[in-house]
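Student: Each chain is listed here by its residues.
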Amino acid sequence: MSKVATMQDAVRDLVRDGDTVAIEGFTHLICFAAGHEIIRQRRRDLTLARMTPDVIYDQMIGAGVASKLIFSWMGNPGVGNLHAVRRRIEKADPAPLEIEEYSHFGMVCRYMAGASNLPFFPIRSYYESDIPSVNPKIVPMSSPYDEDDQVFVVPPLNPDVAIVHAQRADAGGDAQIWGLLGCQKEVAFAARRVIVVVEEVVEESVIRRDPNRTVIPGAVVDAVVEEPFACHPSFAQGYYDRDNRFYLEWDRIAKEPETLEAWLDEWVYGLSNHAEYVQKFGDAHWDGLRPEPALSGEVDYGRYA
Amino acid sequence: MSKVATMQDAVRDLVRDGDTVAIEGFTHLICFAAGHEIIRQRRRDLTLARMTPDVIYDQMIGAGVASKLIFSWMGNPGVGNLHAVRRRIEKADPAPLEIEEYSHFGMVCRYMAGASNLPFFPIRSYYESDIPSVNPKIVPMSSPYDEDDQVFVVPPLNPDVAIVHAQRADAGGDAQIWGLLGCQKEVAFAARRVIVVVEEVVEESVIRRDPNRTVIPGAVVDAVVEEPFACHPSFAQGYYDRDNRFYLEWDRIAKEPETLEAWLDEWVYGLSNHAEYVQKFGDAHWDGLRPEPALSGEVDYGRYA
Amino acid sequence: MSEAGADLGYTKAELMIAASARQLGGVSNCFVGVGLPNIVCNLAQRTVAPDLQLVYESGVFGARPERLPLSIGDPTLATGSTAVTSMFDLFAFYLQAGLIDVAFLGGAQIDRHGNLNTTVIGDYADPKVRLPGSGGACEIAIHARQILVIMRQAQRSFVERLDFRTSPGHSGDPAHDAARGWHGGGPSSVVTDLATYGFDDATGEMTLRTLHPGVRLDDVRDNMGWEPRIASDLDETRPPSEEELGLIREELDPGGVYTK
Amino acid sequence: MSEAGADLGYTKAELMIAASARQLGGVSNCFVGVGLPNIVCNLAQRTVAPDLQLVYESGVFGARPERLPLSIGDPTLATGSTAVTSMFDLFAFYLQAGLIDVAFLGGAQIDRHGNLNTTVIGDYADPKVRLPGSGGACEIAIHARQILVIMRQAQRSFVERLDFRTSPGHSGDPAHDAARGWHGGGPSSVVTDLATYGFDDATGEMTLRTLHPGVRLDDVRDNMGWEPRIASDLDETRPPSEEELGLIREELDPGGVYTK
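Chains as they are written, first to last, in this note's numbering: chain A, 69 to 373; chain B, 69 to 373; chain C, 801 to 1060; chain D, 801 to 1060.
Next comes chain A alone, as it looks inside the complex (with noise of 0.2 Å):
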């Protein structure tokens, strides 16, 4: 059963006013395109999750789509600041935006612990740290085998929608990563409903030929959407490299609300989809970040007729 849609129509369907959201991907296979579907269907009231909080969600908190934040690292990485997010937290610029911090481990433990069904994660992070006095939700608890030892607990963390992006999948919706794998795996299996986003919609015989290359089977998923560099200016390992230029370019944008708005309307409300935001950047541009390639050898599994 073809699970295929496009963008408009996977957000549509799939992404409410007032769910928890989370586009996962570890500086890898970040979806921005479907952060930019979100923001052009004008969603609002989302409690955004991500480890990492980066320019994609800068771009989303700084067009109004969420009103709370949970997440372990805000940055734009390598380059310094989230200035849209930073004015809503510090300011409350031009609303505030509620926070609830982890750590990186913590996170992952409250995605392992959603996808796991379980009402608790145990860590051994936490100690000594001022996070737990700002976080309710990470309580101290003892080993039921030893008073003495003491770790921390997280609660599970089942996002309504989560959006991955995958290198392939096929039409059911059988994603394959190569490269850095993040907590897409996990965020997938914890949420609701499940969004993966690829480069390329493969045959399935291509998936098939490889089924320990599959990190999220299409059971869980609800849609698939193909559209290639939708992780701009993110990289998709072996299709194209990070755009460095523009997270130093977001730097600047992102400083004042005026420029930000400027480039929503140039960029997002301005275009109809990705694909018209592909074509806006130009061949040349992402001829510029394709790598050469290196291909993996082939493994055996044998025929057993």
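Everything labelled a hint here was simulated from the structure, so no lab data went into it.
Here a beta-carbon is modelled for each residue, glycine too, at the ideal position from N, C-alpha and C.
Be a bit skeptical, because a hint or two may be false.
Simulated crosslink set (EDC-like; lysine to aspartate or glutamate; CA at most 16 Å straight-line) [unchecked claim]:
no. : chain 1 : residue 1 : chain 2 : residue 2
1   : B       : LYS159    : C       : ASP926
2   : B       : LYS159    : C       : ASP923
3   : A       : LYS205    : B       : ASP214
4   : C       : LYS812    : C       : ASP993
5   : A       : LYS71     : A       : ASP85
6   : B       : LYS71     : B       : ASP290
7   : A       : LYS205    : A       : GLU158
8   : A       : LYS71     : A       : GLU268
9   : D       : LYS928    : A       : GLU272
10  : B       : LYS71     : B       : GLU334
11  : A       : LYS136    : A       : ASP85
12  : A       : LYS348    : A       : GLU360
13  : A       : LYS159    : D       : ASP923
14  : A       : LYS71     : A       : GLU294
15  : C       : LYS1060   : C       : GLU1050
16  : B       : LYS71     : B       : GLU294
17  : B       : LYS71     : B       : ASP85
18  : D       : LYS928    : A       : ASP161
19  : B       : LYS71     : D       : ASP926
20  : C       : LYS812    : C       : ASP1019
21  : B       : LYS348    : B       : GLU334
22  : B       : LYS205    : A       : ASP214
23  : A       : LYS136    : A       : ASP228
24  : A       : LYS323    : A       : GLU158
25  : A       : LYS159    : D       : ASP926
26  : C       : LYS928    : B       : GLU158
27  : B       : LYS348    : B       : GLU324
28  : B       : LYS205    : B       : GLU158
29  : B       : LYS205    : B       : ASP228
30  : B       : LYS159    : B       : ASP290
31  : A       : LYS71     : C       : ASP851
32  : A       : LYS159    : A       : GLU324
33  : D       : LYS1060   : D       : GLU1050
34  : A       : LYS71     : A       : GLU271
35  : C       : LYS928    : B       : ASP214
Sample of chain A residues facing chain B (criterion: CB under 10 Å; computed from the structure) [to be verified]:
no. : residue
36  : SER184
37  : LEU186
38  : PRO187
39  : TYR213
40  : ARG236
Model the placement of chains B, C and D on the given structure of chain A, informed by the hints.
Tutor: Coordinates of chains B, C and D only, in the frame set by chain A:
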């Protein structure tokens, strides 16, 4: 730094009397050759851990290497009983065998806790089962977030030695597996010492072409043993098939202590290593178990220079 | 018990397979065990449940085996499947998370509420017969939305009181069952070599639904340890159709390994 | 503060890199951050620690980057590495399990016991400056066997009292520290643009070990919020060698992105 060793040296140096030893592999990649070498070196008083004690543990326990078994399912899969194990449990013949039992997921979670340095792992099994009543290590616990939400917890299992088989590894121990994964990764990280046995030691460059295929990084590996057909009568995906006739035959061999002893004399004590075992079966036997190729295809990691 | 199976043109195993497969109509995925359940699932996929996803306890999804698998870990299952996952992921993300619709269980003993014993006959510490143990059965019983049981029926296996409860069934108190908060709805049917049973909604008690052709009610009574509850519309088990028999014999178990 | 760096034939960053790299002698693996620590680790690998395994927080082992990585998630790290793992596996099986020998941390504020703040300046609920937050720092501080800190030094960053403790350092009571049972031994050294510090075994207090060439003790005092403890054998920081400078400039950061 090369960790390549012979099976004889690896077992001599890394497996000690009284150790807790886990030879894992769920139907796939069960390292019989390591079990045989442990028998040959006449280790004693081992605690053997394994989700599915099957023919290899029937051989080892029949040979008297173990005094205790930690497990979740024992049997000759698709065939029937483990006669030697049952003699020891049911009749203490020729000696009693202590048992400590879980469900499959309980065993996996014990390894997970061990691998993650957690004092316990929560699990939603065992409700209204008699298993916790015969295993006091399985303890009920309330969620810190909701007293009425009860889970069970299991303690970490950190074997002194884990022996895992993989299709291939480099000399440093970076091991790649395809096909069924079982709990090979979890047990390797949980163990204090790790022996990786492989069908082929390959150049590091082979591993580096497809780093996502690496299941066990060399950092946790103490010895790498190249031992083709080491999983016989179980199988190595893409290399050889399960030898089902042997599983059926074992039922007859193990039924009486005398026939079991005779088998050990002929096939273990009477041979100096696995190469002789392979030779004794003869080339035609191995040719009959080899599958036709079924290649995975390649993915492109991209060269970012 | 009637020995008429052969005369009827099908074996007991074939009847059990066909009767079980019909339970899978409309089901979207199924945890597949080895042996009979494997053939049941494959038959259902070709008849009443064309979209049935087969999930193997060994971590395989969307298997397309080119031969009859000899175990749930047969290499033919991995080759050409859509995903292979670790056992942790399988048990945590699939089973415990409630994504499995149907699973098959069996055992050495079952009681009237579908509780199962696969651990021990006799005393745990001093066993008469040491059985395999839980494997994944304990968690499957708790988490799979629906449990189908396939077992041969006898006095020693259909017992008033289990020697050991490995896998929980119904408690006998539906209010308690509902308050458990498990994903699993417990056993919904039992197919034996004599009859098929459902479970009563009000009491969670096993209820005789159909007798296999040629089997009398006394055959059933003689082969269980309690007086069975009988459905008001007790019927005869529908025999395997020509189509079902054809699939079993020509495609699914041509060697008759499991069905002779 | 002396501005003589350029006159000495090396930049402050180059001095900090060389001084930090020397701390890695004999270390077997290291959690690599982006920027300076990345260059430090690569320099150490080519000088004092030829067997140093670089482990990236993003889940990469044995990276052989063909260019200077722009972030810890640069695609050049994955291609040609020996293993890429999920973040759960990385944090659970490596970091929490105690397999990481050395990690680098920094922050907006540090106190005399090496506690670090990367969360907020001002009140948490009403922040003056909202910082990035913990990321992996909180767990790295607890689990890595040894923590090396690289920071620029100033009154506002070397503070008597943190606004927020993101990552624990020493407690000031070594008996308490020993009883924590953590794998992590806490911060063992701090390298700034002015000086290098160790930590006193008896009190866990930051101790001035060497002054960078051209830096006076008063420069150090003027740029920290407490009166520093000074090692009895206070020395001058050894400048980067010709070999170290050559490696930095020709191989590790030829564009001078991090070292100008």
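Student: Decide if the proposed pair is consistent with the structure: LYS348 of chain B and GLU324 of chain B, CA atoms, cutoff 16 Å inclusive.
Tutor: violated, 24 Å
Student: Holds or violated: LYS71 of chain B and ASP290 of chain B, Cα atoms, limit 16 Å.
Tutor: holds, 7 Å
Student: Could you grab the alpha-carbon distance between LYS205 of chain B and ASP228 of chain B and see if it respects the 16 Å cut-off?
Tutor: Outside the cut-off at roughly 19 Å; violated.
Student: Between LYS71 of chain B and ASP926 of chain D, does the CA-CA distance stay at or below 16 Å?
Tutor: violated, 55 Å
Student: Using Cβ atoms only, decide whether TYR213 of chain A comes closer than 10 Å to chain B, and label the hint accordingly.
Tutor: holds, 6 Å
Student: Is LYS136 of chain A close enough to ASP85 of chain A, meaning Cα to Cα at most 16 Å?
Tutor: holds, 13 Å
Student: Decide if the proposed pair is consistent with the structure: LYS136 of chain A and ASP228 of chain A, CA atoms, cutoff 16 Å inclusive.
Tutor: holds, 14 Å
Student: Taking only the CA atoms, is the gap from LYS928 of chain D to ASP161 of chain A under or equal to 16 Å?
Tutor: holds, 14 Å
Student: Would the hint linking LYS1060 of chain C and GLU1050 of chain C be met if the CA-CA limit is 16 Å?
Tutor: Answer holds: LYS1060 of chain C to GLU1050 of chain C is near 13 Å, not above 16 Å.
Student: Do the alpha carbons of LYS159 of chain A and ASP923 of chain D lie within 16 Å of each other, as the hint requires?
Tutor: Within the cut-off at roughly 13 Å; holds.
Student: Mind checking the alpha carbons of LYS348 of chain A and GLU360 of chain A for me, to see if they're no more than 16 Å apart?
Tutor: Violated - the C-alpha atoms of GLU360 of chain A and LYS348 of chain A are around 24 Å apart, more than 16 Å.
Student: Hint check: LYS71 of chain B vs ASP85 of chain B, CA-CA at most 16 Å. Holds or violated?
Tutor: Violated, at about 23 Å.
Hints 5, 7, 9, 10, 12, 17, 19, 27, 28, 29, 30, 35 from the list above are not met by this structure, while the remaining hints are.
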